[in-house]
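What follows is the residue order along each chain.
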Amino acid sequence: MTRGLRAALFFALLLAAWQAAVSFGHSSRLLLPAPADVGRYLVRAAGDGSLLDASLVTGRRLLVGYLVGLVLGLPLGMLTARFKVFSDTLGMLALGMQTLPSVCWVPLALLWFGQTETAVLFVVIMGTMWSILIATDSGIRTIPVLYARAARTMGSRRFHTLLFVTFPASLPVVITGMKQGWAFAWRSLMAAEIYVTIITGFGLGHLLHYGRELHAMDQVLGVMLVIIAVGLLADRLIFWPAQRYLHRRWGLEV
Amino acid sequence: MQPHHAHVPLEEAQPAKLLVERITKRFVTKRGSVDALHEVSLSVEEGEFVCLVGPSGCGKSTLLNIMAGLEKPDAGDVLAAGQRVAGPDRHRLVMFQESALFPWLDVLGNVLFGLKLKRDLDRKMRHQVALHYLEMVGLTRFQRANVHELSGGMKQRVALARSLAPNPRVLLMDEPFAALDALTREQLYFDLQRIWGKNRKTIVLVTHNVREAVCLGDRVVLFSPAPGRIRDEFKVDLPRPRDINDPELARMAHRITDALKDIMNQQAAAT
Chain R
1 MTRGLRAALF
11 FALLLAAWQA
21 AVSFGHSSRL
31 LLPAPADVGR
41 YLVRAAGDGS
51 LLDASLVTGR
61 RLLVGYLVGL
71 VLGLPLGMLT
81 ARFKVFSDTL
91 GMLALGMQTL
101 PSVCWVPLAL
111 LWFGQTETAV
121 LFVVIMGTMW
131 SILIATDSGI
141 RTIPVLYARA
151 ARTMGSRRFH
161 TLLFVTFPAS
171 LPVVITGMKQ
181 GWAFAWRSLM
191 AAEIYVTIIT
201 GFGLGHLLHY
211 GRELHAMDQV
221 LGVMLVIIAV
231 GLLADRLIFW
241 PAQRYLHRRW
251 GLEV
Chain F
1 MQPHHAHVPL
11 EEAQPAKLLV
21 ERITKRFVTK
31 RGSVDALHEV
41 SLSVEEGEFV
51 CLVGPSGCGK
61 STLLNIMAGL
71 EKPDAGDVLA
81 AGQRVAGPDR
91 HRLVMFQESA
101 LFPWLDVLGN
111 VLFGLKLKRD
121 LDRKMRHQVA
131 LHYLEMVGLT
141 RFQRANVHEL
151 SGGMKQRVAL
161 ARSLAPNPRV
171 LLMDEPFAAL
181 DALTREQLYF
191 DLQRIWGKNR
201 KTIVLVTHNV
211 REAVCLGDRV
221 VLFSPAPGRI
231 RDEFKVDLPR
241 PRDINDPELA
251 RMAHRITDAL
261 KDIMNQQAAA
271 T
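Chains R and F, in that order, give the protein sequences.
For the first sequence, position 42 (counting from the first letter as 1) is numbered 42 according to the numbering used here, and the numbering increases by one without interruption.
For the second sequence, position 174 (counting from the first letter as 1) is numbered 174 according to the numbering used here, and the numbering increases by one without interruption.
Derived DSSO-like pairs (lysine-lysine); straight-line CA-CA distance at most 27 Å: (1) F:K30 <-> F:K72; (2) R:K84 <-> F:K72; (3) F:K124 <-> F:K198; (4) R:K84 <-> F:K30; (5) F:K198 <-> F:K116; (6) F:K116 <-> F:K17.
According to the in silico footprint, chain R covers these stretches of chain F (three or more CB under 8 Å from chain R): (7) 96-103; (8) 107-118.
Some chain F residues well away from chain R (every beta-carbon gap over 10 Å; in silico): (9) V28; (10) D35; (11) H38; (12) E45; (13) E46; (14) S56; (15) A81; (16) R84; (17) R123; (18) Y189; (19) A226; (20) P239; (21) R240; (22) R242; (23) P247; (24) D262.
Don't read these hints as lab results, they were simulated from the structure.
For every residue, glycine included, the Cβ atom is placed at its ideal position computed from N, Cα and C.
Isolated chain R (complex conformation) (with noise of 0.2 Å):
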């Protein structure tokens, strides 16, 4: 309860920090809307629809995109962590394509799928697999070889062992991955909304872009804050669960 207390006074704090700068600074009140103006924006985005419906569009795109870099970079990454094959060819390009920021890609995918849905989902599959397929090499290397050998005593063979002891030894690690994927998959995909202005859905990211062009500072502030907040909500919504679980299993904080 004090942790609550504590963590509703540093916002409050912050707030009125906020609307002393509004009220006593010199800004103009286009360049920093008031707290009060930001809330009224949310209201009426929330009471027209368009804040939810942009939240869905961009939720759908976040999860296919990320599912799919998932389903990619996973399995890839674990033949990068077992076959010398792979890890010299394939890891040696995820390393590479890793360092590249996923908005570099905006040009590529524009020129390449044009103002589409796809162009969309390639930025965000070009962020999130790379940093999957890393991370879940990294974890599988990790692993106690004892594992494997304990397994391989009592009768396991290499897709019995893959599946029911290398994959799941490498869960804590993977998880990691999963959750750093998931952290790129979202900031890729606010920069392909930003950029690739497409007719199929207007995503969060058309509402930030939008705000700019309309010099609506209220919506640029409004949808950067649901924009955290839908981050945050996922981040509890999906591995908050998995991160008790291991903790509650392994012994381990993840």
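Mind docking chain F on chain R? Use the hints.
What follows is chain F alone, placed relative to chain R:
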């Protein structure tokens, strides 16, 4: 607690005889090659408990791994029940020094792991067998516990139950008690003797603790390093169950330790 021992389908696996024939294992390092084992031969009878003792680096663990099929020798053969060992096999289970228990499974899940690889058992039978062995090591109450919640001694007990449950013909133990405190270790010596007394498996146990070897083994085999070789062996005829603090056992351990020291001194003088 339901009485599950009544119909536990415990087939009695015939303990296997192990024959080690002129095994040589070379490790190649930057400085040159080292013979971890040089033409080592050893025979372990059906249901015999043999302890391999020696200073670290004498190749005793390497030999155990070769018996298990986890490592390949450069020369020589291991025969288990007359068959050449080509790879790991659930008839020769290894119990490791540190706990190799799987942290993603609970205690029961760990004991079930090897049983699930036996196609001839159905779900219910597997559970009965697993519970039977958990009871044997006194951990029935902890079947749903997570591995990280157990003490070191309890972990090794689970490991013992997990090794015994699939009913291997040979149990290979690689310093299974080295990481435990003295009291826990003494308790486990009793437990292991009691269990082995009931289902006589062929056991090969590697240790650097001479007393432990005398307490547990029918035979104690002495190794010396560089290159790893068998230098001597002692038959232990003391009545069972043996207490590690028994004076006669201590005297015998003393004698074997002296022999080991002699070997080491001769070797030091020779080089």
